[in-house]
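Chemist: Sequence:
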Amino acid sequence: MKRRDFINWVGLGWIASSLPVAIAACSSQTNAPTSSVSGDWQKVGTSTDLDKTGQLLEKNSPVGAVLVIGTSKTENIIAVNPTCAHAGCIVTWQEQAKKFSCPCHGSEFGVDGKVQKGPATEPLKTYAAKIEGNSVVVKQI
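When you line the sequence shown up against mature numbering (1 follows the signal peptide of the UniProt record, and there is no 0), it's residues -32 to -1, 1 to 109, in that order.
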């Protein structure tokens, strides 16, 4: 066997053995932790924590980042993914104005997640939210 053929075979073998690792690393499938909450509802915190400040931010919930606004006595709890699609910054809730605002570039979003002021052009993802017992749970809609 010529040296060039040997080097080609070694290189091809290295690429072939690395391929499964590369495919697994690029896979979008994740092993999200399972929740004890029924159906598609996922626990993101407790009503006690929500009642302390009127908002609950969970960056690593089973459904992704979630910002919940309200209290255990609030009729309609608001829940959004707080990641601004424009620059990836975490939005904050402006209680007086009843809107979310992005600290990076000034985008503003309504309680329904829709863009009110750019530069963002994509709305915030919203969730259905409720309190079950002492748990704050959300569901993708």
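One thing to keep in mind: the hints can contain errors.
[Claimed, not checked] Listed below are the simulated SDA-like cross-link pairs for lysine to any residue, each with C-alpha atoms no more than 20 Å apart in a straight line:
1. K82 / S103
2. K41 / T51
3. K11 / S103
4. K27 / F(-27)
5. K27 / T39
6. K27 / T14
[To be verified] Label-pair ranges, simulated between beta-carbon atoms:
7. K20 / D80: 53 to 63 Å
8. T39 / P91: 19 to 29 Å
9. F(-27) / K27: 46 to 56 Å
10. T16 / G86: 29 to 39 Å
11. C57 / N(-25): 45 to 55 Å
12. D8 / N(-25): 19 to 29 Å
13. V79 / G56: 15 to 25 Å
14. N44 / I(-18): 17 to 27 Å
15. A65 / I(-18): 47 to 57 Å
16. E43 / K20: 15 to 25 Å
17. M(-32) / A33: 17 to 27 Å
Derived from the structure by calculation, the hints contain no laboratory data.
For clarity, every value in this text was computed on a predicted model and none was experimentally measured.
Glycine included, every Cβ here is placed at the ideal spot set by N, Cα and C.
Chemist: Which hint numbers does the structure go against, in order from smallest to largest?
Modeler: 1, 2, 4, 7, 12, 14 and 17
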